[in-house]
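Please construct the entire structure, taking both the sequences and the accompanying hints into account.
Here are the chains, one letter per residue:
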Amino acid sequence: MKSNTFFRHIRESFKSLGRNGWMTFASASAVTVTLILVGVFFAIMMNLNHMASSIESDVEIRVYIDRTATEEDATALEEKIAAMPKVDSVTFSGKDEELDSLISSLGEEGEAFKLFQQDNPLNDVYVVQAKTPNDTIPLAEEIDEMEFTANVNYGQGTVENLFSTINFGRNIGIILIVGLLFTAMFLISNTIKITIVSRRHEIEIMRLVGATNSFIRWPFFLEGLWLGLLGSIIPVAAVGTAYYYFYDYVSPKLQGHFIQLLEVTPFVYQVGAILILLGAIIGVWGSLMSVRKFLKI
Amino acid sequence: MLEMKNVYKKYKNGVTATNGIDVKIDQGEFVYIVGPSGAGKSTFIKMMYREEKPTSGTITLNGIDMGSLKNSKVPLIRRNIGVVFQDFKLLPKLNVYENVAYTLEVIEENPKNIKKKVMETLDLVGLKHKVRMFPDELSGGEQQRVSIARSIVNQPKLVIADEPTGNLDPDTSWEIMNIFEEINTRGTTVIMATHNKTIVNTMKHRVIAIESGRIVRDEQRGDYGYEI
Chain A
1 MKSNTFFRHI RESFKSLGRN GWMTFASASA VTVTLILVGV FFAIMMNLNH
51 MASSIESDVE IRVYIDRTAT EEDATALEEK IAAMPKVDSV TFSGKDEELD
101 SLISSLGEEG EAFKLFQQDN PLNDVYVVQA KTPNDTIPLA EEIDEMEFTA
151 NVNYGQGTVE NLFSTINFGR NIGIILIVGL LFTAMFLISN TIKITIVSRR
201 HEIEIMRLVG ATNSFIRWPF FLEGLWLGLL GSIIPVAAVG TAYYYFYDYV
251 SPKLQGHFIQ LLEVTPFVYQ VGAILILLGA IIGVWGSLMS VRKFLKI
Chain B
298 MLEMKNVYKK YKNGVTATNG IDVKIDQGEF VYIVGPSGAG KSTFIKMMYR
348 EEKPTSGTIT LNGIDMGSLK NSKVPLIRRN IGVVFQDFKL LPKLNVYENV
398 AYTLEVIEEN PKNIKKKVME TLDLVGLKHK VRMFPDELSG GEQQRVSIAR
448 SIVNQPKLVI ADEPTGNLDP DTSWEIMNIF EEINTRGTTV IMATHNKTIV
498 NTMKHRVIAI ESGRIVRDEQ RGDYGYEI
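Those protein sequences? They're chains A and B, same order as listed. Taking this note's numbering, the leading residue of the first sequence gets 1, the next gets one more, and so forth. Taking this note's numbering, the leading residue of the second sequence gets 298, the next gets one more, and so forth.
Treat the hints loosely; a few may be bogus.
[Claimed, not checked] Calculated from the model, a selection of chain B residues having no Cβ within reach of chain A, i.e. all distances over 12 Å:
#: 1; residue: Asn310
#: 2; residue: Ile322
#: 3; residue: Glu326
#: 4; residue: Ser334
#: 5; residue: Pro408
#: 6; residue: Lys425
#: 7; residue: Arg429
#: 8; residue: Thr495
#: 9; residue: Arg511
#: 10; residue: Tyr523
[As the list claims (entries may be wrong)] For each label pair, taking beta carbons as the anchor points, the in silico distance ranges come out as:
#: 11; chain 1: B; residue 1: Glu405; chain 2: A; residue 2: Val250; range: 56 to 62 Å
#: 12; chain 1: A; residue 1: Val33; chain 2: B; residue 2: Gln452; range: 49 to 55 Å
#: 13; chain 1: A; residue 1: Arg170; chain 2: B; residue 2: Leu373; range: 53 to 59 Å
#: 14; chain 1: A; residue 1: Trp285; chain 2: B; residue 2: Met430; range: 24 to 30 Å
#: 15; chain 1: B; residue 1: Ser353; chain 2: A; residue 2: Ile10; range: 41 to 47 Å
#: 16; chain 1: B; residue 1: Gly325; chain 2: A; residue 2: Glu204; range: 25 to 31 Å
#: 17; chain 1: A; residue 1: Ala242; chain 2: B; residue 2: Leu373; range: 49 to 55 Å
#: 18; chain 1: A; residue 1: Val33; chain 2: B; residue 2: Asp420; range: 47 to 53 Å
#: 19; chain 1: A; residue 1: Ile10; chain 2: B; residue 2: Gly360; range: 35 to 41 Å
#: 20; chain 1: B; residue 1: Asn410; chain 2: A; residue 2: Glu204; range: 25 to 31 Å
#: 21; chain 1: B; residue 1: Asn310; chain 2: A; residue 2: Lys2; range: 41 to 47 Å
#: 22; chain 1: B; residue 1: Gly325; chain 2: A; residue 2: Leu288; range: 39 to 45 Å
#: 23; chain 1: A; residue 1: Trp285; chain 2: B; residue 2: Asn310; range: 53 to 59 Å
Treat the hints as calculated values from the structure; they're not laboratory data. Built from N, CA and C at the ideal position, the CB exists for glycine as well.
Below, the structure written as structure tokens:
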């Protein structure tokens with residue numbers, strides 16, 4: 001393609017946005033409305049996901065080392081655990097530390113346990129963190145099979161429930177987002193289709209005077225792109241600003257809790273980029289799908 | 298330049314529009330296609346610019362076999378053919394100049410030459426003073442002039458017109474015919490379907506009459522031959 005043809009396409013695409021003023025407005029607003037929905041929903045989902053992850057990553061496996069194990073046995077066990085591909089980290093916590101933390105966690109009543117400092121009945125512990133929280137349970141089972149482990153504890157029962165709840169929530173979220181995107185694409189491509197159907201005369205004439213299909217497609221491609229970008233301006237600004245104020249208002253109240261909102265930066269930029277990209281894809285897709293109908297390929 | 302051999306066209310709905318046509322048209326000819334409505338004139342014409350493909354038989358234009366031509370190559374042969382319609386088919390949102398320049402932009406003509414060629418052509422059809430006007434601000438005759446200018450601005454070898462005077466009053470029709478006559482004297486082949494008896498009988502040229510999808514008459518300097 002010659003460079004001045006390319007500039008012609010760009011010029012034409014802008015002209016046609018202007019000449020089809022109302023149709024441009026209709027399509028761009030359809031993009032705007034849906035992207036606002038997607039944006040808000042996405043922000044909520046990402047935050048919930050973030051919270052879920054921080055809860056999940058709090059889950060750890062406590063491996064109680066058999067009291068009969070020698071130091072070499074314990075080291076061998078540690079190396080064996082650390083070598084497992086699903087394991088992220090292994091931390092040693094000696095029985096004295098364990099007792100201390102037990103005493104301090106029980107407060108006044110813990111005083112009674114101080115007697116045991118002379119003859120500590122507790123086990124040494126390896127605290128194991130899985131790379132992916134969902135691997136915790138199978139990992140714990142594998143470790144339990146190993147020699148010199150007295151007991152393996154990861155909050156059996158509770159953790160299973162927690163994980164299945166979180167996974168359920170995530171799946172629902174993904175289904176909703178995909179559904180929303182699908183609706184958005186359908187809605188927008190329909191609006192764009194109306195604008196293009198009203199111009200099928202134009203396409204017919206283009207073909208008549210000898211325009212190649214790609215020549216016809218280009219301005220429509222660009223027009224769809226501009227529509228999508230135009231439609232994403234308000235959603236990006238609105239979702240960004242809203243999140244900024246929301247974060248400002250909510251995050252001080254979460255101070256000290258281990259649940260946190262995602263930081264405004266870079267989250268707002270990420271959401272913005274995703275919305276712009278979505279707008280562009282939807283716009284281009286919608287307009288190319290509609291032009292296709294009128295091109296005999 | 299244009300040759301049809303034993304051309305049949307049957308539409309999917311079962312209508313047979315062309316029932317074995319053999320014809321040869323040379324470069325520089327002026328040909329009227331006449332015949333009653335529904336006789337197959339439009340299909341005959343549409344096959345010439347590859348808007349329709351023949352069901353069987355061959356059509357060659359300047360040595361190119363139109364039947365086996367790929368769809369993607371159709372735009373390229375359209376550049377050698379100008380087409381004019383009864384309903385003008387102008388782009389309502391482009392002004393006179395843009396409507397004509399369109400043909401040249403589409404074939405990626407050098408922008409430097411576009412203005413010159415467009416203005417020359419508009420001069421030929423007598424619309425140089427209305428370049429900035431939009432189609433709905435023009436009379437029917439003026440719109441048809443724009444459409445003719447559009448069809449000839451890239452100097453095609455063949456101009457096909459499907460009832461170009463069908464929507465125009467007699468005086469305007471004559472003005473339009475004079476333009477076609479002028480185009481033809483410059484060496485361009487003109488093929489025109491028409492119902493205008495007076496024009497065919499006055500401006501004498503080759504006449505091909507089509508009835509029920511067949512050529513029933515083909516004479517040089519012929520008459521319209523039908524009573525209206």
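Here's how the hints hold up against the structure:
The non-interface label for Asn310/B is consistent with chain A: the shortest C-beta to C-beta separation is roughly 18 Å, beyond 12 Å. With a least beta-carbon separation of about 20 Å from chain A, Ile322/B lies farther than 12 Å from that chain, consistent with its non-interface assignment. The claim that Glu326/B is not at the interface with chain A holds, since no C-beta of that chain comes within 12 Å of its own (minimum 22 Å). Every C-beta of chain A lies more than 12 Å from that of Ser334/B, the closest at about 23 Å, which supports listing it as non-interface.
Consistency note on Pro408/B: stated as away from chain A, yet its beta-carbon is not over 12 Å from all of that chain's, at 6 Å minimum. For Lys425/B, the requirement that its beta carbon stay farther than 12 Å from each beta carbon of chain A is met, with the minimum near 21 Å. Residue placement check: Arg429/B keeps its beta carbon more than 12 Å from all beta carbons of chain A (closest about 15 Å). Non-interface call for Thr495/B relative to chain A: holds, since the shortest CB-CB distance, roughly 29 Å, exceeds 12 Å.
Every C-beta of chain A lies more than 12 Å from that of Arg511/B, the closest at about 28 Å, which supports listing it as non-interface. Every beta carbon of chain A lies more than 12 Å from that of Tyr523/B, the smallest distance being close to 29 Å; the non-interface claim holds. In this structure the supplied range 56 to 62 Å holds for Glu405/B paired with Val250/A, their Cβ-Cβ distance being about 57 Å. The beta-carbon spacing between Val33/A and Gln452/B, approximately 50 Å, falls within the hinted interval of 49 to 55 Å.
Under the hint 53 to 59 Å, the C-beta atoms of Arg170/A and Leu373/B, about 54 Å apart, fit the expected range. As the Cβ distance of Trp285/A to Met430/B is approximately 37 Å, the hint placing it in 24 to 30 Å is violated. The supplied range of 41 to 47 Å is met by Ser353/B and Ile10/A, whose beta-carbon atoms lie about 45 Å from each other. Range check, Gly325/B to Glu204/A: about 29 Å between beta-carbon atoms, so the 25 to 31 Å window is met.
Between Ala242/A and Leu373/B, the C-beta spacing of about 54 Å keeps the proposed range 49 to 55 Å intact. Our hint of 47 to 53 Å for Val33/A and Asp420/B holds, since their Cβ atoms are close to 51 Å apart. Judged by the Cβ atoms, the range 35 to 41 Å given for Ile10/A and Gly360/B holds: they are separated by roughly 38 Å. In this structure, Asn410/B and Glu204/A meet the distance hint of 25 to 31 Å, their C-beta atoms being roughly 26 Å apart.
Under the hint 41 to 47 Å, the C-beta atoms of Asn310/B and Lys2/A, about 43 Å apart, fit the expected range. As the Cβ distance of Gly325/B to Leu288/A is approximately 43 Å, the hint placing it in 39 to 45 Å holds. Range check, Trp285/A to Asn310/B: about 34 Å between beta-carbon atoms, so the 53 to 59 Å window is missed.
Comparing the model with each numbered hint stated earlier shows that hints 5, 14 and 23 do not hold.
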